[in-house]
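Undergrad: Chains A and B, in that order, give the protein sequences. Sequential numbering of the first sequence, starting at 3, is according to this note's numbering. Sequential numbering of the second sequence, starting at 45, is according to this note's numbering.
Hint data in this document are derived by calculation from the structure and do not stem from the laboratory. Even glycine gets a Cβ: it sits at the ideal position worked out from N, Cα and C. Treat each hint with caution, since some may be false.
Residues on chain B that point at chain A, a partial pick, calculated with CB under 7 Å [unchecked claim]: (1) Ser-66; (2) Lys-79; (3) Tyr-82; (4) Leu-85; (5) Ala-87; (6) Lys-113; (7) Asp-132; (8) Thr-136; (9) Ala-139; (10) Thr-140; (11) Lys-174.
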Amino acid sequence: MEVELKELLNDLQSLKKSISDPSDLALIDKMHLHVENIATLEKSGTTCRSKVKDMSAEVVDSNPYSRLMALQRMGIVDNYERIREFSVAIVGIGGVGSVAAEMLTRCGIGRLLLYDYDKVELANMNRLFFRPEQVGMTKTDAAVQTLSEINPDVVLESYTLNITTVEGFDTFMSSLTNKSFRTTKSGSGVDLVLSCVDNYEARMVVNQACNELNQTWMESGVSEDAVSGHIQLLIPGETACFACVPPLVVASGIDERTLKREGVCAASLPTTMGVVAGLLVQNTLKYLLKFGQVSRYLGYNALKDYFPTMEMKPNSQCSNTACLERQKEYILAKPTRDAAAKAKAADSEALSVAENPVHADNEWNISVVDDDEVDGADVRNSGVLPEGIVHELPVADEYPKQPITEAVGPADDLEELRRQLEALNAD
Amino acid sequence: MEGWDPNTKSTLTQIPLLTIKSGPRDGALWTQRLKEEYKALIAYTSMNKSKDNDWFRISAANPEGTRWKGKCWYVHNLLKYEFDLQFDIPVTYPATAPELELPELDGKTEKMYRGGKICLTVHFKPLWAKNCPRFGIAHVLCLGLAPWLAAEIPVLVDSGTIKHKDDVATSSES
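If we strip away everything but chain A, and leave its shape as in the complex, we get:
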């Protein structure tokens, strides 16, 4: 195309020389300008690369995966190319979700499912990823536009819906169970769900879906004052679910009353959002590609640069019935788990070397304890939370459970009640 345009420009030049009429000359100048514009547009548009069939470790400038495949050579990851088999669902394509999506796209993830109902606004420009020219587009469309340019190998699915509504939830559930990408996969159709939403209601919905589907997921959040955040791994039945304990937040470490609550409902910083997205995707990569230690809970306090960690056992009194079912299944599967752990321990025994303590000082009193020693620490009581982590909402008060009694009389018919309210509404 570039050659063709150059030819056209040359032809216009020679045509210009052979014409004497000034009105025709002006027209030719105009055509000349148009051709030049097309040429620049063409140049900027050709940077899109074509799809890559196999990830290569070859170190050449044109290989988009050479630095990722080098993780194998460095002994960090056993088989990096497995990343192409994985599907990750990202709920909420905002300050954290969009950046997480870009990171996974650049890592060459197999498939991304993106959920959001919002549109891109100029007010989002203090965060990363979205560009001013995308204002007005849905966040899912804008994300697909950018991500498919960055890496056309990633399969992108976008869902523009609100998962908290009844219809939205049905679509959410069916999209998570769809196995068309990898038909041999056990469990649901995705390997991990990342919750990058900005409110409690949506988190509870992701929790509900993942408990029902027995789907491992990760939670992320940034505080409304933009100076703290956290990520959390949730394995139904094994770890506390999101409804097991009141939501936890990293205390900002300054007097809450000095935080200005007036004005905007939420503040945000590209830095905090970027840090949390980075922590989230790092944990995701470790979980999917099986390297390093996957964090159960990792907090980030930006004011003090403090990163608390903790683990939470499920609550046997959890109000979520699907969570209780998963807990029962987890307990029943204990013998199988123990046997597997024993076999693994025997394998690695030959390789084990006596290790010296890595850290001489231990300011935060962090200690490694055996799984069996922490026997269901009751984190519902904030007294046992690690320093720097507090509950965001209180626990529901205990009420004596009343038996559901079918009250008799005219006042118990739904239609009748509806009519009564409408009658009151009418005057």
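Starting from the known structure of chain A, fit chain B onto it as the hints suggest.
TA: This is chain B only, laid out in the frame that chain A set:
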């Protein structure tokens, strides 16, 4: 409940509490809950009328009772300001409260999330969490929306962000 005015407190005690913990995906149990919601709304609406403090209309917009629409109004300097009110019952209800929307005010105040959802985080969410499943739609209106309107509408009117409908009519004629 510290910090709430005695009027709201006494009103609250007269709204029947709910007992059934079920949401829109729970089938017959949801119908039971819906009946309790209606009873609480009927009691609250009648109480408001008897006290000459009528301030909202709300009815289910679908047969399942998962979408609600209506109006709410607030009187400031003897003028009545009326707004459309709508909300969905979330799938995780009653563990999470409905998010009340005043679409006409979307983008006009900072105490609001996208789509005209009023900000309830500080003054209401902790109360809802503590009182689950005893609070219902009537309680969100009484403890969530009413104080929000009382705090926001005077500010929006005084700053000129919203105008009374009569003023709008005269200014557009002139």
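Undergrad: Hint by hint, note whether the structure agrees.
TA: Consistency of the hints with the structure:
1. Checking B/Ser-66 against chain A: minimum C-beta separation of about 10 Å lies over 7 Å; hint violated.
2. Annotation: interface hint on B/Lys-79 holds; nearest CB of chain A at approximately 6 Å, less than 7 Å.
3. Annotation: interface hint on B/Tyr-82 holds; nearest CB of chain A at approximately 4 Å, less than 7 Å.
4. At about 6 Å, the closest approach between the beta carbon of B/Leu-85 and any beta carbon in chain A falls short of 7 Å, and the interface hint on this residue holds.
5. The interface hint given for B/Ala-87 is broken, as the beta carbon of that residue sits about 10 Å from the closest beta carbon of chain A, more than 7 Å.
6. Taking 7 Å as the C-beta cut-off, the interface hint given for B/Lys-113 is violated, the closest approach to chain A being about 11 Å.
7. Contact between B/Asp-132 and chain A, as hinted, is supported at the beta carbon level, the nearest pair being about 5 Å apart and thus within 7 Å.
8. With 7 Å as the threshold, the beta carbon of B/Thr-136 comes within range of chain A, its nearest partner Cβ sitting at about 4 Å, so the hint holds.
9. For B/Ala-139, the shortest C-beta to C-beta distance to chain A is roughly 6 Å, which falls under 7 Å, so the interface hint holds.
10. Nearest Cβ of chain A to the Cβ of B/Thr-140: about 4 Å, under the 7 Å cut. The hint holds.
11. With its C-beta approaching chain A no nearer than about 5 Å, B/Lys-174 sits inside the 7 Å limit, and its interface hint holds.
Going down the numbered hints, you'll see the structure goes against 1, 5, 6, while the others check out.
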